[in-house]
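One letter stands for each residue in the lines below.
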Amino acid sequence: MTRLPNRSTQTLRLLAELLGSPRAWRHGYELSKATGLKSGTLYPILMRLADQGLLISKWEESDSPGVPPRHVYRLTPDGLAYARDQAEGETATLGARVSKATS
Amino acid sequence: MTRPLHAYVQRISLSIAEHAVAVMPAARREWARAMRAELASLDVGIERIQWSLGCLRAAYSERVRNFAALDRLGVRILIALLSLNEAHVLIWGAKLAWVSRTNPNWAARYVGSEGIQVYAAVPTLLIGLSAISAALYAVAAAYLVCHRRNAVPYYAAAVGTELLSLIGFSWISLSVDSWSLRSEASHYGVWLGYTVVALMIASHFRQEFPPSRGSP
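Going line by line, the protein sequences match chains D and W. Residue 1 is where the first sequence starts when you use the working numbering, and the numbers rise one by one after that. Residue 1001 is where the second sequence starts when you use the working numbering, and the numbers rise one by one after that.
These are calculated hints, taken from the structure and not from any lab test. Predicted model only: the values in this text are computed from it and were never measured. Among the hints, erroneous ones may be present.
With beta-carbon atoms standing in for the labels, derived distance ranges [unchecked claim]:
id, chain 1, residue 1, chain 2, residue 2, range
1, W, Leu1073, D, Ala34, 35 to 43 Å
2, D, Ala81, W, Val1044, 36 to 44 Å
3, D, Val67, W, Ile1049, 14 to 22 Å
4, D, Arg7, W, Ile1049, 27 to 35 Å
Every beta carbon over 10 Å from chain W, so not counted as near; a handful from chain D, in silico [claimed, not checked]:
id, residue
5, Arg7
6, Glu17
7, Arg23
8, Thr35
9, Thr41
10, Tyr43
11, Arg74
12, Asp78
13, Leu80
14, Ala81
15, Gly89
Derived SDA-like pairs: lysine to any residue, alpha-carbon spacing no greater than 25 Å straight-line [as the list claims (entries may be wrong)]:
id, chain 1, residue 1, chain 2, residue 2
16, D, Lys33, W, Arg1149
17, D, Lys58, D, Asp78
18, D, Lys38, D, Arg74
19, D, Lys38, W, Tyr1155
20, D, Lys33, W, Gln1050
21, D, Lys38, W, Leu1078
22, D, Lys58, W, Ala1040
23, D, Lys38, W, Ala1026
24, D, Lys58, W, Arg1063
25, D, Lys100, D, Glu88
26, D, Lys38, W, Gly1112
27, D, Lys58, W, Pro1025
28, D, Lys100, D, Gly89
29, D, Lys58, W, Arg1148
Quick reminder that beta carbons are idealized off the backbone N, C-alpha and C, glycines included.
Given only the sequences and the hints, what does the whole structure look like? Please build it.
See the structure below:
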């Protein structure tokens, strides 16, 4: 049985970034820049998400000569649903904290 | 950045990424190739080195995750205890070096009258490095038992700082007297043994899964 993705800050940040452009294929370096995650943190998360069927990847040929193909990623429908759930959960938690702080 | 340095950084970062591909378990090799492929899009500089070191960290973490022997808690506890022993040796060495300055008579009971000259000559920087290395071993041991994937960078840092302090300490012992030279030669022998084992392991990975340069 595959383990459910953890809810670490880094995973949530990556899911939020991928959710921001759900149809786009994203490169690892681009995701690293956008999320601030180093390659040693980013790729293990991508691997786990792919294992759980939440992320899909493919090799994309480059237009520039001499540049090797790059691996690109985007969320699967299950991944999108999971990322939305997580984002809603985060919003609800944040809302509860704000209302508690202001009451 | 000058052109020779530019080429050197490019070669080093590519070599690190190639090694990461070789180390990554076969089922995950595509991911290591994906990380290596990204190098072509990075500007040459420290970022390339950082990226390739990240690849290496991920590869070794996956390799450690896939070590069947490490699935057993008993094995992890045994390795953790050996690491704690190493930490204890390092702390003890650092303490002797520190006390040799303030209370040489006490330290001489453990290292002898000849050895005290060496320990007293150890600079504060090396004592600090030993202490840091000991702390890293302790943290690595704790992670190995509880969350083994996170132990990899701590072990790498612990071994690195220990090597630095050992090299410094050996250099000082050479400059102080010949008794210590003989003593430190045994340390060098041990580390030479570790290095040979590490190279054999690296070579094994390379033979088993030759990395391909051209293909993704």
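A quick look at each hint next to the structure:
1. Leu1073(W) - Ala34(D): 35 to 43 Å: holds (39 Å)
2. Ala81(D) - Val1044(W): 36 to 44 Å: For Val1044(W) against Ala81(D), whose Cβ atoms are near 41 Å apart, the range 36 to 44 Å holds.
3. Val67(D) - Ile1049(W): 14 to 22 Å: holds (20 Å)
4. Arg7(D) - Ile1049(W): 27 to 35 Å: Given about 32 Å between the Cβ atoms, the range holds.
5. Arg7: About 16 Å separates Arg7(D) from the closest Cβ of chain W, which puts it past 10 Å; holds.
6. Glu17: The claim stands: Glu17(D) keeps its Cβ more than 10 Å from every Cβ of chain W (closest is about 16 Å).
7. Arg23: holds (20 Å)
8. Thr35: holds (13 Å)
9. Thr41: violated (7 Å)
10. Tyr43: Check fails; 5 Å does not lie beyond 10 Å.
11. Arg74: holds (14 Å)
12. Asp78: Per Cβ check, Asp78(D) is outside 10 Å of chain W; nearest 20 Å; holds.
13. Leu80: Per Cβ check, Leu80(D) is outside 10 Å of chain W; nearest 22 Å; holds.
14. Ala81: holds (24 Å)
15. Gly89: holds (24 Å)
16. Lys33(D) - Arg1149(W): This hinted pair holds, its Cα atoms lying about 24 Å apart.
17. Lys58(D) - Asp78(D): holds (17 Å)
18. Lys38(D) - Arg74(D): holds (18 Å)
19. Lys38(D) - Tyr1155(W): holds (19 Å)
20. Lys33(D) - Gln1050(W): holds (13 Å)
21. Lys38(D) - Leu1078(W): violated (32 Å)
22. Lys58(D) - Ala1040(W): Holds, because 17 Å separates the two Cα atoms, which is no more than 25 Å.
23. Lys38(D) - Ala1026(W): Answer holds: Lys38(D) to Ala1026(W) is near 23 Å, not above 25 Å.
24. Lys58(D) - Arg1063(W): holds (23 Å)
25. Lys100(D) - Glu88(D): Since the Cα atoms of Lys100(D) and Glu88(D) sit roughly 18 Å apart, the hinted pair holds (cutoff 25 Å).
26. Lys38(D) - Gly1112(W): It is violated: about 49 Å lies between the C-alpha atoms, which goes past 25 Å.
27. Lys58(D) - Pro1025(W): Judged against 25 Å, a Cα distance of about 19 Å means the pair holds.
28. Lys100(D) - Gly89(D): holds (16 Å)
29. Lys58(D) - Arg1148(W): violated (30 Å)
When each numbered hint is compared with the structure, violations occur for hints 9, 10, 21, 26 and 29.
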